[in-house]
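Put together the whole structure using the sequences plus the hints.
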Amino acid sequence: MDLSVINPILLIAALMSAATPILLAATGELVVERAGVLNLGVEGMMILGAICGFAIAVETGSPLTGFLAAAVGGAMLSLLFALLTQVALANQVASGLALTLFGLGLSALLGQGYVGIKPPRMPDINFGFLSDIPVVGPILFSHDPVLYFGLLLVAAVWVTLKFTRVGLILRAVGENHDAAHALGYKVVRIRTLAIMFGGACAGMGGAYISLIRVPQWTEGMTAGVGWIALALVVFASWKPWRVLLGAYLFGGITQLQLNLQGAGVAIPVEYLAMSPYIITIVVLVILSADKSAAPGSLGRTFHASH
Amino acid sequence: MKLTTLLASAAVALGLAGGAYADGHEKTKVGFVFVGPIGDGGWTYEHNKGRLAVEEALGDAVETVYVENVAEGPDSERVMTQMALDGADLIFTTSFGYMDPTINIAAKFPDVKFEHATGYKRADNVSTYSARFYEGRAIQGHIAGKMTKSNIIGYIASYPIPEVIRGINAAYIHAAKVNPDVEFKIIWAYTWFDPAKEADAARALIEQGADVVLQHTDSTAPQAAAQEAGNVVTFGQASDMGQYAPFPRVSSIIDDWAPYYIARTKAVIDGTWESTDTWDGIGPGMVGIGEISDAVPADVKEEALAMKAAIADGSYHPFTGPLKKQDGSDWLADGEVADDGTLAGMNFYVEGLTGEIPQ
Amino acid sequence: MIWLEKRPQPSRFFAYVTPLLAVFATFLFGGLLFAALGKDPVQSIVTIFWEPLFGEFAFYYRPQLLIKGAPLVLIAIGLSLGFKAGVWNIGAEGQYIMGALFGAGMGLAFYPAESVLIFPAMVLAGAFGGWIWAMIPALLKVRFGTNEILVSLMLVYVAEQLLASMSLGLLKNPEGFGFPGSRNLQQYDSAHNAEIIAGSGMHWGVVAALIAVIFAYVLLTRHRLGFAVRVTGEAPRAARFAGVNPGRLVLFCLGTSGMLAGLAGLFEVAGPAGQVSIDFNVGYGFTAIIVAFLGRLHPVGIVLAGLLMALTYIGGDIAQSQLGLPAAAIQVFQGMLLFFLLALDLFTNYRLRFGRAETV
Chain E
0 MDLSVINPIL LIAALMSAAT PILLAATGEL VVERAGVLNL GVEGMMILGA
50 ICGFAIAVET GSPLTGFLAA AVGGAMLSLL FALLTQVALA NQVASGLALT
100 LFGLGLSALL GQGYVGIKPP RMPDINFGFL SDIPVVGPIL FSHDPVLYFG
150 LLLVAAVWVT LKFTRVGLIL RAVGENHDAA HALGYKVVRI RTLAIMFGGA
200 CAGMGGAYIS LIRVPQWTEG MTAGVGWIAL ALVVFASWKP WRVLLGAYLF
250 GGITQLQLNL QGAGVAIPVE YLAMSPYIIT IVVLVILSAD KSAAPGSLGR
300 TFHASH
Chain G
0 MKLTTLLASA AVALGLAGGA YADGHEKTKV GFVFVGPIGD GGWTYEHNKG
50 RLAVEEALGD AVETVYVENV AEGPDSERVM TQMALDGADL IFTTSFGYMD
100 PTINIAAKFP DVKFEHATGY KRADNVSTYS ARFYEGRAIQ GHIAGKMTKS
150 NIIGYIASYP IPEVIRGINA AYIHAAKVNP DVEFKIIWAY TWFDPAKEAD
200 AARALIEQGA DVVLQHTDST APQAAAQEAG NVVTFGQASD MGQYAPFPRV
250 SSIIDDWAPY YIARTKAVID GTWESTDTWD GIGPGMVGIG EISDAVPADV
300 KEEALAMKAA IADGSYHPFT GPLKKQDGSD WLADGEVADD GTLAGMNFYV
350 EGLTGEIPQ
Chain R
0 MIWLEKRPQP SRFFAYVTPL LAVFATFLFG GLLFAALGKD PVQSIVTIFW
50 EPLFGEFAFY YRPQLLIKGA PLVLIAIGLS LGFKAGVWNI GAEGQYIMGA
100 LFGAGMGLAF YPAESVLIFP AMVLAGAFGG WIWAMIPALL KVRFGTNEIL
150 VSLMLVYVAE QLLASMSLGL LKNPEGFGFP GSRNLQQYDS AHNAEIIAGS
200 GMHWGVVAAL IAVIFAYVLL TRHRLGFAVR VTGEAPRAAR FAGVNPGRLV
250 LFCLGTSGML AGLAGLFEVA GPAGQVSIDF NVGYGFTAII VAFLGRLHPV
300 GIVLAGLLMA LTYIGGDIAQ SQLGLPAAAI QVFQGMLLFF LLALDLFTNY
350 RLRFGRAETV
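Protein chains in written order, with numbering that gives the first Met the number 0: chain E, 0 to 305; chain G, 0 to 358; chain R, 0 to 359.
A few of these clues could be false.
[Stated by the list, open to error] Coverage of chain E stretches by chain R, computed from C-beta distances (three or more under 8 Å per stretch; other residues unrestricted): (1) 11-25; (2) 107-119; (3) 226-236; (4) 276-286.
Bear in mind the hints are in silico, worked out from the structure with no lab data behind them. What you are looking at is a predicted structure, and each value in this text was computed from that prediction instead of being measured. Cβ atoms here follow ideal geometry from the backbone N, Cα and C, with glycine treated the same way.
Set out below in structure tokens:
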């Protein structure tokens, strides 16, 4: 066993990249849940984003166009969810699960012609001399644009929710949709937009996996990240910066367990593999002392004639 | 058993019991039960290529059917039964977990032939087949040992089962033979398929100094991670992964089921099918070695090809003594060759590997 | 303008008609999908829905419906109690795994002794395994207020790792030549959850599912506890005034659903599946959530929903094999069916009105 082979700087850089898909998806879902809607279909929207992004990036040769397509794909699928839950007033939990099933199937159908193809590569941003700064350089200035976009997104969501009128309305709708409706806000319209935003973010998270982290297309390649993203929103008690913290924590533990194995630490592997989940639970228990509760109307169906 | 009688009478009613053609269907029907989607780019993808090869080679004489994403357990039994009821003459079940279900269903359909991949239970109408992938690992080990500069070789393993352990040993023996300083870093991913995790594992190994990464998981994620790193050598697994050639992918192990599937289907058509236990390697073509790219120095490539030829014609066995186990105890004497029983159930590392096999 | 008006009472007529409408809508859109994939739409749909029930080999597929449906119903019944009370157990998959591990472990501990007591002991161990796994989120919720959705979901992944570890370690078949997976319980008479009548598909898991359905029905309609469950879900504050102890209710709901999921796992591992293996779990715990909602959280509805899901699985596999439909198309088809079932339920609780909505 030789722990010195683990380079903490590279570890941090790696965890930032590993955490980005979860971060994107979870930030989107956070906005959805803040609007009072629980969409369990994150996994389905991510995988659809993964194939839409991949296919378009391959066809156009442009990874950025791919990411746009992924956002559109994720948003289109989430529109289906919005139709079900906002117009047809269906149960959100069941609709979300059905959405995941549908998304997995649809992505596999769309992806039939894309197995074994290598997508165009998205280059890292060139920060010039900045990336040569010791320690800070490799951690902060060695990544692809989407990773920075994820960080900006968290900041933007935080600012919007906290300081803007749009954020206030969104939160009002999430806390008490009847009151918001009485004040004249279009509850259904606002929620539909929030759901589509969440879908777009999840789609980009999926595309980050298929275009940057892996990069390839295979059926079911998101392998459950969507569920982690969902858990993360609760973990973060619906606060954007905590989503970031949680995503990095989760990504970090996963990276660390792989690194510890490589370094030959004699801890049983299966327990190491469990550790991210167990530690998440432990942190959650500690955080639950903080009583900032879920949005008041989360998961409840809204109908204007109540 | 009532069900057995029912199934048997159904089979008789359909004329299945009277032989392959008595029910009037002119084509020989071949069923394939797949554990993953045919688009997985790895294990199932290659089996499906084998299926397509059967259709191409035998044309109108055969009809193939398949069901993908079949869970091991009762679902697989149902799918096999359904294929047999629909008149399949030969059914390939392509995952280790289908072993007991295959034996169960084969007992109910004595006139249908079954072929189970990678298992060890046989019956009069159940054959088993598997590939000696360790032969390919030996060649990879040789190239890896020659090409590493840091003397650290990373290995992404899936689950600690004999198949995977055998591969690690074969690669290590041949890497250490040409480069005694070589060290193996092994990461157990505890999954066959999770591209993101495989990519992470590859990156972790590379960051810890590995400049060759071997993988026993099926996605191309480690290839991409190596390409990004720039100076890391990889090998394709399950399929050729030629899109990463000539570098980082310098060669590959390819699962090539086509020759076997064609031969066995022909045997059913000719009525010469018998229950057998097949464990084929490079020689009969079940294990393919993908083209060794020009990134490999010419002399190394020549040695690798010579080893491939020697393994193929049987003059060299990758597990030839003297070899010791990890704990220092003797395993094979000078010139002694490992027997198939030990290889099939291999649960120990050879001398020189560090770390423990997780239990 | 079209608008929706809430019905004072859910419409009984639409409660029965909408599922049929949904199935027809799925036929239509699913048919279009199959046609787009170049398959005969009518034949595809007939294969999925008719073949298993009334086709040539229905004698084989009908019992399979029970085998496939029983774990779904058993788990969904437990979940529905919690969902009614607003207790969200999303981790039934993990409890299912733990039930199988505990139950199989109990049985294998006695191998090769034969006794009629072994199977009952396994049943108890299976129920205990699921129960204890569900008690983790339950106790954390009661004691610390920790969100049970997250904890139960995380515990699924922990259980999956444990399952892999057990298949490769402690429970590995010593005569299995080093391959993963336990001994096959089907070949161990005392531990085998065999069919009660051979060929009928009726194993003890099916019996347990039926008992659970009756139990849930009686509980919800006749018992004080059932009342507490319903009130807590509909009006948590009123429930407190009615003397319901919310902590105890959480323990009861999670405990019951965990126990039933554990039982489902035990019956599966000792019967149809036969052995503990790395990929033992096939998602029943997640599908059961859909089944619970499709069944409108009503015991009888859940039975119907469970059988419908089982039918699409079985028919879907037949369609794959006979018609060459990709598994993905079947998944999309199932997704459509769920969408329509969920969406059209609208008409049970609301009525369409044409004209201008009166402003409140």
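To see whether the hints hold, each was checked on the structure:
1. 11-25: violated (count 0)
2. 107-119: holds (count 3)
3. 226-236: holds (count 5)
4. 276-286: holds (count 6)
In this structure, the one hint that does not hold is number 1.
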